[in-house]
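*Asks:* Sequence:
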Amino acid sequence: MHDHNASPFNALPPVVVALTIAICAIELIFQAGRVGIIGGASGVGLRIDALNAFAFSPQLWERMWDTGQFPPRELLRLVSYSFVHLGFTHLLFVAVFLLALGKMVSESFGPLPVLAIWVVSAVTGALVYGAIPGVRTALVGGYPAVYGLIGAYTFLLWTGLGAMGEQRIRAFTLIAFLLGIQLAFGLLFGGGLDWIADIAGFAAGFLLSFVVSPGGWSRVLQKLRNR
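Residue numbering for the sequence shown follows this note's numbering, beginning at 1 and increasing consecutively.
Bear in mind the hints are in silico, worked out from the structure with no lab data behind them.
Glycine included, each C-beta is placed from N, C-alpha and C at the ideal position.
Please note that a few of the clues may not be correct.
[Claimed, not checked] Quick list of simulated restraints, FRET-style, between CB atoms: (1) 99 <-> 37: 38 to 44 Å; (2) 76 <-> 168: 33 to 39 Å; (3) 163 <-> 52: 35 to 41 Å; (4) 193 <-> 70: 21 to 27 Å; (5) 192 <-> 21: 27 to 33 Å; (6) 185 <-> 99: 20 to 26 Å; (7) 62 <-> 168: 35 to 41 Å; (8) 132 <-> 164: 35 to 41 Å.
Construct the entire structure; sequences and hints are all you get.
*Replies:* Pasting the structure below:
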């Protein structure tokens, strides 16, 4: 018999719950500051302060690269930007896909690979974004990281379709659909180049799945030996 009093979080892997709580708690602090519950009159500036402290700045990265100095506090931005968002609607997509895809990926790969995919995809997205010439807008939000989970989910579909002898290209339907929506919104309302970071995050998640999936590293080594 189904327990109607059971917590809906019981079915979710702890790593997914922890990531979701982290990004949502930060947003709740910003919202509380906006209405003066936290920080009083200066609470409205909490989001701006956090963006200044934790967003990934292409200009700062370029300066670090030119000087050859990489302070740990600034390197943290390669990941910390993925936990700070511009608003509730900016956060919503990340939270929904993190809960849905994070659960499926964790059940197939395990909890640590989910965390690895989040971090590596966030870092990859930031590095690729920072390498775009002339970009000055800071990168913020968990989109590259969650696109990494979409990449891992695509890997699951890709391997499953291959095992059934079906066309593996069908596994990329979701990412094609999402990128199509982004392109449409960009054409209608304008937008920056942060979608490049999302694609980089997707690619990182997909490729990393070859290593972090069960037996993945052994499979990669075996293929390298057979060459």
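*Asks:* If any of the earlier hints don't hold here, list their numbers in rising order.
*Replies:* 1 and 3
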